Amino acid sequence: MKQYILRRLFIAIPMLLGTSIFIFAVMRILPGDMAVAMLSLSSAERGSGVSMEKVEALREQMGLNRPIYVQYLDWMWGVVRFDFGVSPVSRLPVAEEVLRALPVTLELGGMAFVLSIVIALPVGVIAAIRQDTWQDYAGRLFSIGGLSIPDFWLGTLFILFPLLIWNWMPPLGFSPIDRDLGMNLQQFIFPALAIGIHQSAAYMRLLRATMLEVMRQDYVRTARAKGLREYTVIVRHALRNALIPVITFMGGRIGRLIGGTVVLETIFSLPGVGRLVVTSIEWRDYPTVQSLIMLFTTVFILANLVVDISYAWLDPRIRYS
Amino acid sequence: MVAMIDWRSGLLGLGLLGSGLVLSTVACRPAETTTAPAAVPAIPGRAEAPAASAAAQPAAVGTPSDPKFKYGGRLIYRNHKVFKALADFDPHREPPGTSGGVLRRTTAIYNGIFEWPNHPYGPSQGFICDLCESWKQINDTTYEIKLRQGVKYQNLPPVNGREFTAEDVVFNFKRIAQDGPSYHSSDKLEDLKSVETPDKYTLRITLKEFNPLFLLGLGDPFMAMLPKEILDKDDKVTYPVGTGPFMLKDAKDFVPSSRELLFKNPDYWRKGEGLPYVDEFENILIVDNDAGFDAIMTGQVHEGHQSLSEDHADILRKDSRFVLTEAVRDSGTGTSFNLAAKPVDDVRVRRAMHLATDRQEMISTIYRGNAFIYRFVGPANGDYATPQEDTAKRPGWRQPKDQDVAEAKKLLTEAGFPNGFKLPTIVSKSIDHEKFALISQQQMRKYLNIDLALEPLEMGLANQRVRLEQNYVFTFSSASVADGLLDPTVNFHNWAANDPHNESRYNNADYERLLEQLRRETDKPKRIAMTRQMEDLLERDVPSISLAQNYRYRAWPKFVHGLSGESGAGDTGRWIRQVWLECGNAKGCQ
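Protein chains in written order, with the working numbering: chain A, 1 to 321; chain B, 1 to 590.
With the rest of the complex left out, here is chain B (with noise of 0.2 Å):
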């Protein structure tokens, strides 16, 4: 029988086979189902109610009044970004690509003289003491901080347990604020005029000029305190050693560009709380995300950094092993224009595009309608924010479209393009600008008969051709608008002249004054008012089109306690010090 088949006859067959695979993989694949745009959806929730199950619930921070609760185990997480040697456990001098990592490994060895008491995409909280006991405010430039007393170093070498001072801020403060290509936070201390230390747990900090924000801004976990005694002659961390809640107790615990394992410091200053609360910390690198997802799913991690899809998050939403999370994303996607570039140095054509962009269905195609509009500060839950219900009946946001494409033709057919005319437009090569860029271009040809020529280009060419050489007309871009969260003044700063985010060189004097006037106004509802003053100007400027600001999902197994995935706190490795593992039989707890 055998004999019989020749291979000729062989292969047919296998053809004839993997053919007929083929035709019922597709025929039997379920029939696309197309959906109307959705509605507006309230914030901060999502178009449509989620499932009634345990998965979608986040887990109730735990305390050690729980009585499920332990000390003790190892929490895994999964990093996608790289450190390379010990001189990149380093907040002030970060090698390019590392911030995610920055802050989780980082923040978990050091600490600084104040910390956000939860990240600042979630709701805002301000700052509170971290190193330092209590502050005060003397007058308009100059503030006092008391220091925490008896706070120590971890007792690795070169520094040995010694304790913290205030010497050592003054120290850090130098360092931070170095205006070399690594030293990326020396920003924040612009305005920094002198610092005296009166005694050694006691500042005196004096600014050149009132700026109300700048504690605020030592909150941020890049504003670490670093000894002195770890950085060798180029300024390059030798070995980690802080005063936080995890340390590196041997080298061989880190294996460059792959893992760390980090242990509980038994001289964390908050010890006498219990914290932390497990043993160990380890960082996995898993450079693919679909590798990260499956890893979450098999319990080879516990969390993952900002790596969950769409997809992921439908497939864990739907697994009661898992608690997710939704918390809307630090930046937005938006376009900007070239206002010295024709034809869209008109304002007419800007703002004939702005109306005729229908973000609905971008955000229903690219996220499911997992999304928000926003107009131009964000993120969309913040104070500052326009309401997502006024924003969606303002011209260029509100549904149907059929009012806005026909005062966007009309405005086009004013400036003189009534057949509408070809766009070069650049599109940094991230897959949602590619995505926007597609829809959009659907929907200028289709209202405008405006022909988007796209460019795909990778991120650094697209930033040196919009943002170094102004060498476009039209691009996709995202906009960091988290920062409008605290401050709207940060997010501002992309259209504030003279600025390098401002791709677009938009410069307008009345901006300019009430920006100014906004970083020195304390009041809030007036800060509010006059953001909303600012976000008006930019609405009839159309430097920028704002399109859409989507979920960050985060998840881990209902084992892990602790987290907050709201307010995005368990990103910073800090708040690594209040979770604390309830392992009974559970897969993949140790």
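Pulled out of the complex, with its shape left as it was, chain A reads as follows (with noise of 0.2 Å):
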């Protein structure tokens, strides 16, 4: 096991080089010229013209006139010791703006991955065990109208319902834990429903479909033959092997999940990494973009080696040597 994952591992840094170096071909491709994008943007609001001195000189500061390759690996060498640069935009080290808006995303993240397992286990197990029946019916009525279901649009019906209804809205912005917990949970309960609905009902379909596969093997059938409680059939032995795939499933989601926060968290004014992601594209922000891509595929990576690893826990058939 311990080499499977050094393995891993050491798999994953040739896959981060060439993440590395496809991100920062593909900003630098983008159409736009950083120093120009970010001088208009400001200039614009208070009408104030730009002038090549004002775009040279930036693209001086930011070491823009360098070669393409010392740039790149200038960057790169930062990465290596974890100095991932300043963002010219907000004049932060880029790993203060990451660090600062990491905790929100995972708040918001984690609520929803809780949330739509608390949803999809439930729902899934009782459409399968009373399968053909009411129950089974509603659960994948759900489950079909939470896949078809966009999570942004659900946040904005978390939004404009009760406004139009009862004339109250979720509170929008940001409290930190520390300083109005109660504020804090109100601010996320929404924004992570919305994405956690739409990710159990894909886990509860393959839950369902995968638990009467499993219902209908010899070993749950001794089980019961064994008289043992259906409770105990179910969750001991049914519902461990059924989760195998859908864990499968899960990590292959985590992307979806950071997807849902980009637009969600912009809806909800919560200052996430997702949100950074698209205010830093806007301003053609290299340093910061570069750094949330490599991130965003470390996260990749890890959540697939973690579901991996986690095969072994579940079913101890599964051994890596």
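These are computed hints drawn from the structure, not numbers from a lab.
Source: prediction; values computed, not measured.
Incorrect hints may have been included.
A short list of chain A residues far from chain B (calculated; beta carbon distances all over 12 Å) [claimed, not checked]:
1) ALA12
2) ILE68
3) VAL70
4) PHE82
5) LEU92
6) LEU160
To give a feel for the contact side, a few chain A residues facing chain B, derived at Cβ under 10 Å [claimed, not checked]:
7) GLY32
8) ILE159
9) TRP168
10) PRO171
11) GLU265
12) ILE267
13) LEU270
14) ARG275
15) ASP308
C-beta: ideal position from N, C-alpha, C; glycine also.
Can you join these two chains into the complex? Each is in its own frame, and there are hints to help.
Structure representation (structure tokens):
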């Protein structure tokens, strides 16, 4: 197992390297000069003009006049030392910006993940064990609806419906947990629910299918024949095996979880990584965008590794040697 | 029964239900009505008279003599820009994309030597003393300013309540005048030659040359007076401390990229007048405009920064809980020609396009009639702008279009394009520009057979192509016209030779001469006459086509008093000092 983990981590290095070259190149291929984009967006609001002198001065300041390979190597050298540079937009270290935004996204993503499991597990299991009953139909209807409705639209509805009916809306913005826990939970519950419902719909469908398959296996019939309680049969014998493909699936949907946060952080005004990506792309903030993409890639790689390792815990037959 | 319904039937039923819902929604939608283009509105009115509802009337500016007046409470504003760090509380070095936020936050914390009594988007009032007590002009290039005595900075480290003096002004002038990409107001001090301080409350300012607008520029909210102690070795603000009515008591009251809570400054130098009236001033970041509007409706915020659309205004007009105000926006939409590019290098082509542009159709389609035409100087209700009724009679602006279109076709034929031509057109990706471009495309095709080949580009890229590279033929753009309210010379920089705003690279000796004279002339009737002459030149040469200037809506609950929407004064934090709340049982009032 140890060797397996080390091998997977080792393979991750060329993946990250390839990603870094790709994102670095893409940011520079995108039309529009970074210095011009920054100065234009800033000056437009003041009604002042953008001159070539200011553009050149900013390019010089940001090191954009250097050869491209020098810029890349300089950036990568910083990444290796965990120095991701300074954002020319905010003038803050990129690491500081990301570290400040990350807890918000982690909280949102974590809540959404927990909610998705809390919803999907019982609904999927009940739909499977009550196949072709109204509980099954309701569960399947829920899953179709949840998959069809985009999470960002659901988030918008969570604002509009209470507004129209009760003239109330979820509090927008962000209050840190240590300042006001109650307000923090109010601010996060609705966007988390929007993402969670969308995710849970997919998990529920797969879980129902795998449960149905597992429930037909001989060992489940044997467990029942032994006189075990139905709860024990389902949870200890059937569910554990049915979960294996679902966990794989969950790992693969980490990307959608993060993607969901991007739009919902904007709608609910949460200063997370998702919103940071959007504004950084808009401002051609190369260092921040590059760092965030590297972060996302790392998260995906690690998430998949964790998923693979969890197989062995769930199914003792699986061993990595 | 349930067992008889299999999953296929269930899916079919759902599908039929869904289709029925969609069809019924479409069928029941109210029929669209078409209206004739609105008549030219009288200044500052709208095409139709506003409904006689309380929502349409701005609240009277309250004073402590009002029987309902109360001290205290928390005023909550919505912002759509981001402050990411304490260093962003810097009016001299705002980070990109935060100018709206800078105005509100920093001017609640800081003061300047002068201030504009109303924001320049409202009726012109010039400037008045803020941190100064009086001023006088010694000669053409020298002013003497007496500062208020006993004004103290907020009692926060590292400044700890020390007195504001003339030395602070000298320091701030040096800082503002720095010529770097992030120092954005250095141009306001270009004419400054020297500053002397005969004593700690007196300034003697000498200019390089006569500039009647120099002191006016010092009233800009960006010309705030910071204490040097709050700056670090990299010239960044470490903690905002000023002389203003509100202060950031604790760094924890600032949540980066989200909100900040400012408290009443107990040592505010105008506390003798009872200012500020509210105890707390909170800014909340709400990025999405619709969510910001919802927040106003539910009382989560009391006012939003320039976030209201025509749809929002329609709803608010009918809601008696709110005050809705309309002010002419500070920018106008127009187009620019690259005078060096064919075929628009021919003035006949440009003039034909100007004549064939139906601005009223654009105004009624995009703004439902709630906008103004303008010649070249704005805002439309300013002293220097050509009166609407006169503009509306001029070729290109007048209705109906028959005569102008006939003239346009004739010009185009003379220019050698009887059958029209294809015109590459850059459109900066802002909602309004794209709408104007689409309507203009229809009009040009209909009247002149000119095919506008639209190329939508991000703002930064559009700027790069148009302003820096001159790699364009025709483009839609925004012109800052508000400055024409106080000083049309600033407005006219859009066509001044060697000015970065001059997209068309217009260069006319008569225009330059008039502009220089206008800069130096102090007699207002003469200035207005010169402005007309310059507009005549621009109308003759057509380096650009002005299209429309629309309203900016603001709204707040009726329990908020002291805001004057017509002036836009609520945009600047200093004016929060005069706001008071009459809470009662009002929702969202604390």
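Inset, instruction - Report holds if the minimum CB distance from LEU160 of chain A to chain B is greater than 12 Å, and violated otherwise. - result: violated (7 Å)
Legend entry - Interface hint compliance - LEU270 of chain A to chain B, C-beta minimum distance less than 10 Å: holds (8 Å)
Inset, instruction - Verify the interface restraint on ARG275 of chain A: the C-beta must sit less than 10 Å from at least one C-beta of chain B. - result: This interface hint holds because 7 Å falls under the 10 Å limit.
Inset, instruction - May I ask you to test the interface hint for GLY32 of chain A with respect to chain B, counting a Cβ-Cβ separation under 10 Å as satisfied? - result: holds (4 Å)
Inset, instruction - Answer holds if the nearest beta-carbon of chain B is closer than 10 Å to that of TRP168 of chain A; otherwise answer violated. - result: Check passed: Cβ of TRP168 of chain A comes within 6 Å of chain B, closer than 10 Å.
Legend entry - Closest C-beta approach of ILE159 of chain A to chain B relative to 10 Å, hint status: holds (6 Å)
Inset, instruction - Report holds if the minimum CB distance from PHE82 of chain A to chain B is greater than 12 Å, and violated otherwise. - result: Non-interface label stands for PHE82 of chain A: nearest chain B Cβ at 20 Å, farther than 12 Å.
Legend entry - GLU265 of chain A as chain B interface residue, shortest Cβ-Cβ below 10 Å: holds (9 Å)
Legend entry - Assertion that LEU92 of chain A lies farther than 12 Å from chain B (Cβ): LEU92 of chain A not clear of chain B: closest Cβ-Cβ about 6 Å, inside 12 Å.
Inset, instruction - Have a go at the ILE267 of chain A hint: is there a Cβ in chain B nearer than 10 Å to its own Cβ? - result: holds (5 Å)
Legend entry - VAL70 of chain A remote from chain B - nearest C-beta pair above 12 Å: Label holds. Min Cβ-Cβ 22 Å, cutoff 12 Å.
Inset, instruction - Just double-check ALA12 of chain A for me: nearest Cβ-Cβ distance to chain B has to come out over 12 Å. - result: holds (31 Å)
Hints 5, 6, 15 from the list above are not met by this structure, while the remaining hints are.
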